[in-house]
Structure formats: structure tokens, C-alpha cells
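Undergrad: Sequence:
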Amino acid sequence: MEIMQGVTLIAVIALTIVYSVVIYMILHHMFHYVFFGKNTMDCLEKMIAHILGIAAAGVALAMITLLYWKITDIIVAVIGIVIALSRKNKDEKVGMIVITVIAVIVITILGMVCGTVASNA
1 MEIMQGVTLI AVIALTIVYS VVIYMILHHM FHYVFFGKNT MDCLEKMIAH
51 ILGIAAAGVA LAMITLLYWK ITDIIVAVIG IVIALSRKNK DEKVGMIVIT
101 VIAVIVITIL GMVCGTVASN A
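Counting in the working numbering, the sequence shown runs from 1 upward without gaps.
Accuracy of the hints is not assured; some may be wrong.
[To be verified] Keeping only pairs whose Cα atoms sit at most 20 Å apart, straight-line, the calculated SDA-like set for lysine to any residue is:
| id | residue 1 | residue 2 |
| --- | --- | --- |
| 1 | 70 | 16 |
| 2 | 90 | 100 |
| 3 | 70 | 103 |
| 4 | 70 | 12 |
| 5 | 46 | 34 |
| 6 | 46 | 30 |
| 7 | 46 | 28 |
| 8 | 46 | 21 |
| 9 | 93 | 103 |
| 10 | 70 | 59 |
| 11 | 46 | 24 |
| 12 | 46 | 32 |
| 13 | 70 | 82 |
| 14 | 70 | 108 |
| 15 | 38 | 49 |
| 16 | 70 | 115 |
| 17 | 90 | 101 |
| 18 | 38 | 50 |
| 19 | 70 | 116 |
| 20 | 93 | 83 |
| 21 | 93 | 81 |
| 22 | 90 | 77 |
| 23 | 46 | 56 |
| 24 | 70 | 98 |
| 25 | 70 | 102 |
| 26 | 88 | 100 |
| 27 | 70 | 86 |
| 28 | 70 | 7 |
| 29 | 90 | 80 |
| 30 | 46 | 35 |
| 31 | 70 | 117 |
| 32 | 93 | 80 |
| 33 | 93 | 76 |
| 34 | 93 | 74 |
Keep in mind that the hints were calculated from the coordinates and are not lab data.
Please take these sequences and the hints and turn them into a complete structure.
TA: Laid out in C-alpha cells, this is it:
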């Protein structure tokens with residue numbers, strides 16, 4: 001049982017990191033952030049608050065992913081198929097399908113493990 005709890009913790013941490021990086025990349029691709037303040041500490045506080053906000057959103061998305069893993073699987077599969085069909089090169093299509101299948105399998109396994117841990121708690 002402790003092994004499954006460890007796997008759940010690692011899954012939440014890994015998904016949090018992945019989601020946080022993706023959120024950071026999307027936000028900073030869409031918007032340019034400039035932190036103004038009266039002094040260096042004021043700017044530093046604003047940057048830390050920004051990073052903690054991104055991390056909190058990453059944790060929330062990780063928990064939602066593991067809680068609603070069946071819906072997440074469907075969404076990932078549909079997005080993967082749409083991206084694969086939009087590719088012109090056959091190798092890119094096959095690669096995208098393989099990545100999608102692996103992602104769906106990983107999310108399914110993690111969702112099942114986390115569901116088992118939650119039901120036994």
C-alpha cells in the first residue's frame with residue numbers, strides 16, 4: 001500500500017511540474033511580464049507570487065487530471081488524433097499517434113493507481 005501512495009505522490013509531483021512548465025510557457029508566450037516595484041525586494045515578491053500562482057495552478061490541474069482521468073484520456077486522445085491528422089509527413093503522424101497512445105496509457109495507469117489509493121484511504 002505504501003508503494004502505491006509513493007507512486008501517487010510521484011505522479012502528482014511529476015504532473016505538477018509538467019503542468020507548471022506548460023502554463024509558464026503559454027503565459028510568457030502570450031504576455032510579456034515586467035515586474036515594477038519601489039525596490040528590488042518588491043519586484044522579487046511579485047515574481048515569487050507569480051511563480052507560486054503558476055505552481056498552484058499546476059497542482060490543481062494535476063489533481064483534476066488524476067481525479068477525472070477517464071475524461072482526461074478522451075481529451076488527450078482527441079487532441080492527439082487531431083494533431084496527427086493535421087501533419088503532412090507520415091512519420092510525424094505515426095510519431096504523434098505513438099506519443100498519444102503512451103500518454104493515454106500513462107494517465108490511465110496513474111488514474112487507476114490514484115483511485116485505488118483514494119478508495120483505500
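Undergrad: Just to be careful, I want the Cα atoms of residue 90 and residue 80 compared with a cutoff of 20 Å; is the pair within it?
TA: holds (15 Å)
Undergrad: Assess, step by step, whether the Cα of residue 93 is no farther than 20 Å from the Cα of residue 83, and give holds or violated.
TA: holds (8 Å)
Undergrad: Next pair to validate is residue 90 with residue 100; report whether the Cα-Cα distance is within 20 Å.
TA: Given that 20 Å is the threshold and the Cα spacing comes to 15 Å, the pair holds.
Undergrad: With a cut-off of 20 Å on the C-alpha distance, tell me whether residue 70 and residue 82 pass.
TA: Answer holds: residue 70 to residue 82 is near 19 Å, not above 20 Å.
Undergrad: Keeping to a limit of 20 Å between CA atoms, is the pair of residue 70 and residue 103 held or broken?
TA: Within the cut-off at roughly 12 Å; holds.
Undergrad: For the pair we were handed, residue 46 and residue 28, check the Cα-Cα distance against 20 Å.
TA: Roughly 15 Å separates the two Cα atoms, so the pair holds.
Undergrad: Does residue 77 sit within 20 Å of residue 90, going by the straight-line distance between their CA atoms?
TA: The hint holds at about 18 Å.
Undergrad: Between residue 70 and residue 115, does the CA-CA distance stay at or below 20 Å?
TA: holds (11 Å)
Undergrad: For a C-alpha distance cap of 20 Å, please report whether residue 70 and residue 7 respect it.
TA: Within the cut-off at roughly 19 Å; holds.
Undergrad: Does residue 80 lie within 20 Å of residue 93 when you go C-alpha to C-alpha?
TA: Distance of about 10 Å is within 20 Å: holds.
Undergrad: Take a quick look at whether residue 46 and residue 56 sit within 20 Å of each other, Cα to Cα.
TA: With Cα atoms ~15 Å apart, residue 46 and residue 56 stay inside 20 Å; holds.
Undergrad: Could you grab the alpha-carbon distance between residue 46 and residue 24 and see if it respects the 20 Å cut-off?
TA: holds (15 Å)
In summary, the one numbered hint that this structure violates is 27.
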